[in-house]
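Protein chains: 4
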Amino acid sequence: MTTTTSNTDLGALRRPAAGLADRPAPQPAAESAPNPLSQLADHFSQVRALSTALCESLSPEDMVVQSMPDASPTKWHLAHTTWFFEAFILDKYQHAYKPYDARFGFLFNSYYNAIGDRHPRARRGMLTRPTAREVLAYRHAIDAAVRELLTTGDEEVLRAIAPLVEIGIHHEQQHQELLLTDIKHLLWQSPLSPAFRETPTIPASSGELGWLDVAGGVHEIGVPADAPAFAYDNESPRHRVYFEDFQIADRLVTNAEFAAFIEDGGYTRPDLWLDAGWSTVREHAWTAPLYWTRDGDRWLEYTLAGQHPIDPHAPVTHISFFEAEAYARWAKARLATEAEWETAAAQHGGDPTAGNLLAERTDHATFHPVAANSPAADPAAQSPGPMRQCFGDCWEWTRSDYAPYPGYQPPAGAIGEYNGKFMCGQFVLRGGSCATPRSHIRATYRNFFAPTARWQFSGIRLARNPA
Amino acid sequence: MTTTTSNTDLGALRRPAAGLADRPAPQPAAESAPNPLSQLADHFSQVRALSTALCESLSPEDMVVQSMPDASPTKWHLAHTTWFFEAFILDKYQHAYKPYDARFGFLFNSYYNAIGDRHPRARRGMLTRPTAREVLAYRHAIDAAVRELLTTGDEEVLRAIAPLVEIGIHHEQQHQELLLTDIKHLLWQSPLSPAFRETPTIPASSGELGWLDVAGGVHEIGVPADAPAFAYDNESPRHRVYFEDFQIADRLVTNAEFAAFIEDGGYTRPDLWLDAGWSTVREHAWTAPLYWTRDGDRWLEYTLAGQHPIDPHAPVTHISFFEAEAYARWAKARLATEAEWETAAAQHGGDPTAGNLLAERTDHATFHPVAANSPAADPAAQSPGPMRQCFGDCWEWTRSDYAPYPGYQPPAGAIGEYNGKFMCGQFVLRGGSCATPRSHIRATYRNFFAPTARWQFSGIRLARNPA
Amino acid sequence: MTTTTSNTDLGALRRPAAGLADRPAPQPAAESAPNPLSQLADHFSQVRALSTALCESLSPEDMVVQSMPDASPTKWHLAHTTWFFEAFILDKYQHAYKPYDARFGFLFNSYYNAIGDRHPRARRGMLTRPTAREVLAYRHAIDAAVRELLTTGDEEVLRAIAPLVEIGIHHEQQHQELLLTDIKHLLWQSPLSPAFRETPTIPASSGELGWLDVAGGVHEIGVPADAPAFAYDNESPRHRVYFEDFQIADRLVTNAEFAAFIEDGGYTRPDLWLDAGWSTVREHAWTAPLYWTRDGDRWLEYTLAGQHPIDPHAPVTHISFFEAEAYARWAKARLATEAEWETAAAQHGGDPTAGNLLAERTDHATFHPVAANSPAADPAAQSPGPMRQCFGDCWEWTRSDYAPYPGYQPPAGAIGEYNGKFMCGQFVLRGGSCATPRSHIRATYRNFFAPTARWQFSGIRLARNPA
Amino acid sequence: MTTTTSNTDLGALRRPAAGLADRPAPQPAAESAPNPLSQLADHFSQVRALSTALCESLSPEDMVVQSMPDASPTKWHLAHTTWFFEAFILDKYQHAYKPYDARFGFLFNSYYNAIGDRHPRARRGMLTRPTAREVLAYRHAIDAAVRELLTTGDEEVLRAIAPLVEIGIHHEQQHQELLLTDIKHLLWQSPLSPAFRETPTIPASSGELGWLDVAGGVHEIGVPADAPAFAYDNESPRHRVYFEDFQIADRLVTNAEFAAFIEDGGYTRPDLWLDAGWSTVREHAWTAPLYWTRDGDRWLEYTLAGQHPIDPHAPVTHISFFEAEAYARWAKARLATEAEWETAAAQHGGDPTAGNLLAERTDHATFHPVAANSPAADPAAQSPGPMRQCFGDCWEWTRSDYAPYPGYQPPAGAIGEYNGKFMCGQFVLRGGSCATPRSHIRATYRNFFAPTARWQFSGIRLARNPA
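Residue numbers (this note's numbering), protein chains in the order written: chain R, 279 to 745; chain B, 279 to 745; chain F, 279 to 745; chain W, 279 to 745.
Chain R extracted, bound-state conformation (with noise of 0.2 Å):
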């Protein structure tokens, strides 16, 4: 969810989308009432030029590479997002719309599955063509284009496309944070360690872990179907669910407790871990977090200021599932199923806005997780709850399997082909990261991932039961 207000504005928007950036697709309820429209289309410049903010310092080559499969370059990103609004919004509404070009539709469609359709995803880094400068002249003139259309269509235009501009603002959104964690497992690559962007260290003490109670019984989670503000279809239906007494740690797992873990032969011990998680650990040869270094008698980490010894408080980040799991049962504590962990965000989280997210303006970002007492970066963030980092920072691994809520139905039209579809062998996360927009993060927004996925800025919160 974003800004309130525009949200709220733009009326009972409820759309199917997706979890992750590539698999959306949207086609919104007709019925949004489409008011302010200049405060949408500021929005919508903000956003826009957030992404092209975020490559100031990277060279045309930096942004063509793609490091791994799950992965895409920089540049895909731009023209993918992009494209998004050409094919939804332009190619439909805009009055003998001719395509930029013809070509780009097959380049940087991400979405329909029948074989052919598309570019393949392990080879986006072999698209050279078109290159970076005619990727940003194309978003210059989408860009111009729907902004256009936003203040010259007529009324009925402007009902149709407002539900669908939010819709490829949340699109652009999850974006931005794949590009960050793209272009960090991509410069990682380099034995030169090369630094995204420097930023500065803020000292800062995690303190004591503390427990949050939240109280048993049957609690509600979820969006209702008629939600005014933006929600994804697979945060739906709003639901009952029964849980036990619980405590949730009012902080984040900190690197010092992590290397602890570590110190105490964490990755040597199958005792610790899940079975998948102890061949993933011996197939990959895992022995601290992805972009941890040992350097004699301490560790590095590779952040997108480049290499550094890690910080004792900060929270540990880039770890699997099976990693948090098993980090959970070392220290005799467990994850949140995603419904504890919901109900104690609601209750102990604060403003979603509150923590260490994407800023708007990059030199506010931190771009990296930060210790849980430490100042908010950006000065327009509000106070957050007694459940320290609960939106930000990392997201937060929970002991749930990615599957649909009861009552779930994927939407009718295109998108229902892709709906709920990534609902098998993926955890859930919550809370947002420092690479999440500040404006895209809600309590019960779904992240999910493969139990074995590190490049995301993950992290762990524990939970228990009561003694």
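Hint data in this document are derived by calculation from the structure and do not stem from the laboratory. Accuracy of the hints is not assured; some may be wrong.
[Unchecked claim] Among the chain R residues that face chain B by a calculated CB cut under 7 Å, a handful are:
#1 Y378
#2 V496
#3 P515
#4 R516
#5 V519
#6 D553
#7 K699
#8 F700
#9 G703
Glycine residues also receive a C-beta, built at the ideal position from the N, C-alpha and C atoms.
Fit chains B, F and W to the supplied structure of chain R, relying on the hints for placement.
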């Protein structure tokens, strides 16, 4: 477990154990009451005898070969279950016990994770020695020793070993089912399509599919930690769940119904599948259930009685979770969660011993699922409930991933290393199959396999939300 | 070839055939003279009897399992060689012949390339049926029928089948060697390291390595197209080659010498290896020949007589081309080309039947290479030449890739599809081994394997340029 | 061999080097005469300038991406060849030389085998930094320093570096060819099929295929160890070979001829292929040469000028050894051995500089093979011999595996680690291609690739035995 008398007599047995045969290794609570030992000894003898009776038609060649890493050779099953009694009972409770063959521990242990301790699973088929004949001699020797101990042991020993014998029996029964599904997979490798056992076909109708109502609300599922009867640790603790009103099918999906799904392009339409399921279909070029082959305009099915035309009324079997889930979507229904299934089975499923299960006398066994209205093959079987085929015929895929119950605690000791460690990446199946020994199944029993697994007798029961 | 009489008598037999057992399928020239048929029938019976005699110590379980795709089960060897006589002789020349079992053609044909025609090689170990006992019955029936035909056939038939019987004999002999190397590989999979056959060890010295001179110039190698004795098509035509003066070692490299190579870091120094060899060493983590294991400060070697300390005087065996080539570089020598080897063998190699080959009486067989100065195990063996171990003990890797001789023409007909088709990516070995039947080897014989292959009895003979 | 004067002047240069660009690393004999240095400096400047001229049409994005492990990014080629001059000349002979960037040695060294010393080949495309612009700056700086040294160095230094400069020039030329074949492979990944360089097509006929006689006997091939002109070590020593009379085709096989092979089922008939070739065809589903695609009833070919219909008269190119060998069998001919080829080229091939090679002025370059009777694109080119297309157009597969010449000795020192180490599993190609720099080729030049390689400009010249 079913034969209630002996279990009750054994007292408050709560033992850790594994959902799948290869994983257990239980140290039971010490307080069990060893009383009706002659019953236990008889049960032991019966179950052990069934394992060898199942091998009657097999040559030494059939018993040594491993058809895939997931499957084990018959000989290995026979030896491993025997080693289980030797290692956990004789070696510990028989005074001055001398191992039958010191090398068998390494060869037939499936248990400890530390590398090098055991022969690798995927290479069990390389063990041509000891021969099948030598393994049978090993079985006879250990059986005699266990019976000797059961009849001559002092009271303290008997109190200790009675629950271990019962665990060994359940462990043996799990391997009986695997022995059958593994030998089926092996014999099918042969272009000769040999029969394991000729069985009479009982023509019968499956009848129309009907729907049974189950009322929603807070329900309890699972087994209390202090329940008297045997259950595996993953069935505990008994706990509350919430679900809404739903309906469950009164029989399994038939071959004819599944053939209509194929006819309708079921294996060629990505919109019907989870993304991971669709990838699997393409990777393995699936076009039908395992063991089906096209013969002109009809389907043949390889069964333990050889290759035959499919029985349209019999339940479809040897399908993956992905196929079950896709079929349900196609049929505008869904799979039940395990909480729904267990509640429905308790209300409508009837006597767990009443189904088409593996009879103790092999001449009563069908070795294949049969139509819903078939007379029970085994005259000893009871009347089932209105939720026909609830127990036996096919394991029923649920929509639930295999996860720990709230408050689940793995037991202490050596077993603690293993319990629950498979709780990732697998889905729960319920109800037993035609290859599940009759005294082995119960409503709370949680079986689990990867969503791609097809070589078990797995099938589909539909559920749906009320209109 | 050895039993010279019968071959000569068979006349101008020039048949196409394959260097390796699985590949032949010969249609001989029609003009051969069928004369001393009783000798041929005797030879047939002796060779066929040796195959079964080799299996005396094997259980049915040993005979069915396949340890790797390159190796075939014992049972398959026994059946395939039998099918060869049935398909090429009985089926064509026995009046109104009815196949022993119509399905055996599919199961035991290794011959035609068209997809679907035959059981895939890598899955031969899945064929548990027919059983070993049934395969032996098949052998007895076919043997009787062939002998019957040889004694009762009319002259025309006899003229036609005599060369086919001889080819079948050579084919059988190739499979005898593979049977031994394949069963060795299988038994070695077992942690029990069982012995195939206990054999007495004959302590002997290998003596100092000496060098024999061979004068350079234009030489002829290969077999003339109209030679009377049997030879495979790849040995023709006889043709001229040119090489310079060189020297060849008077015995094979010993275990002690090879251990010195290891001691000197042989497996850890990339400068000693071909690039592809070094990749192989790292990929498979080779640190010694196949079947060697370290035991404290000594090396153990698994032989067909079980696990034993290496004999320092015996030739090193079970090494790849890459290891042979690296050893030669380390020893400041090289491998001979096949033209050099054949010329040297003709000058210095002595009688091809005089070496440590597979004796017709298995109690005379060593089943392992022996030291250069050992007394011949078989009292029937002749005196070898100064180029000791030239025939028998180990196949000797040459530096020549397996390529067609100039003017080589594959024969017409069905066989033409296959001859020469393996002439890429393999290296030539010469001289036979302890597992090569005594009457099977000759100086022109070209064996060939991939440079990574180690499960044959392969060894090293050094060559060098004159100082 | 280059402009003969300078080579001669450099004196008795016999340096070890590699057949392929990534492998050299030469320490020349010290005695070379440094005389006409201005000529050498000019040649150095010309060759270095050609590398950058080849990149004129490329964007930074084109220059960084790696399309497959066998291919390197353009940027890597530009940097690696520069590092070569820096490491072997400036670093050793420039007084108090300070590396341009200390990290470049690690990034751009392709040389030492010891693990960890260099960036892994398959990950060269991950190096987005230094950028293309920075690499060009690096080139300019090194070029200036080398020229400076060539004009100001004292006599001893000049004597030492002259042969090194010449080796560096040849090394650069090898990389120019790879740069072209690698960028072609990359651009072809794009669905847009972009052109590297538009080139005019010169319509011409290939004429009838004729046969040239070569008399058999003992011949000499290779380069004497003391020859004055440059040659790689694998071309030595000059030695005697024997072959019989044969005939060689007077031009390459054309696209039309190869299309007839396809039409005749060439890719579907196993009898035409070597076994390993047939496996490759099936594994990769080959149905035509690389870069060919079917368009209705015609074939399109991707060239460096984009996608175009095939020219029926132009030579078929981008085929593997397997395809060349299969085509020859189909055409009832064969491939020549390298000894035959070299002898025929010496007798009938004409001037090595006279073919369709890579011209020094890129506006004279064809960047593609042309029909046998085409006028030479480069006005500077001489008249070829009757064995048309002998030099240039396509590398010609021979039937010879890449093996050491008799008496071949790898040079001492660091290079000794590498020379000859690729002499296994590859086949020799002769004659150069349209991408081979004009001054780089000679009759004794041995190129070599795996039999599966297709991305080089490789083609087919037939040979046959006299009737």
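The hints, checked one at a time:
For the restraint placing Y378 of chain R at the interface with chain B, the shortest Cβ-Cβ distance is roughly 29 Å, beyond the 7 Å limit, so the hint is violated. Because the beta carbon of V496 of chain R sits about 6 Å from the nearest beta carbon in chain B, less than 7 Å, this interface hint is met. A least Cβ separation of about 10 Å between P515 of chain R and chain B goes past the 7 Å threshold, and the interface hint is therefore violated. Look at R516 of chain R: its Cβ only gets to about 12 Å from chain B, farther than 7 Å, so that hint breaks.
Restraint check, V519 of chain R versus chain B: the minimum CB separation of about 6 Å is within 7 Å; hint holds. For D553 of chain R, the shortest C-beta to C-beta distance to chain B is roughly 4 Å, which falls under 7 Å, so the interface hint holds. Taking 7 Å as the C-beta contact cut-off toward chain B, the hint placing K699 of chain R at the interface holds, the least distance being around 4 Å. Hint on F700 of chain R holds. Least Cβ distance to chain B is approximately 5 Å, under the 7 Å limit.
Interface restraint check for G703 of chain R: the shortest CB-CB distance to chain B comes to about 5 Å, inside 7 Å, so the restraint holds.
The structure shown violates the earlier hints numbered 1, 3, 4.
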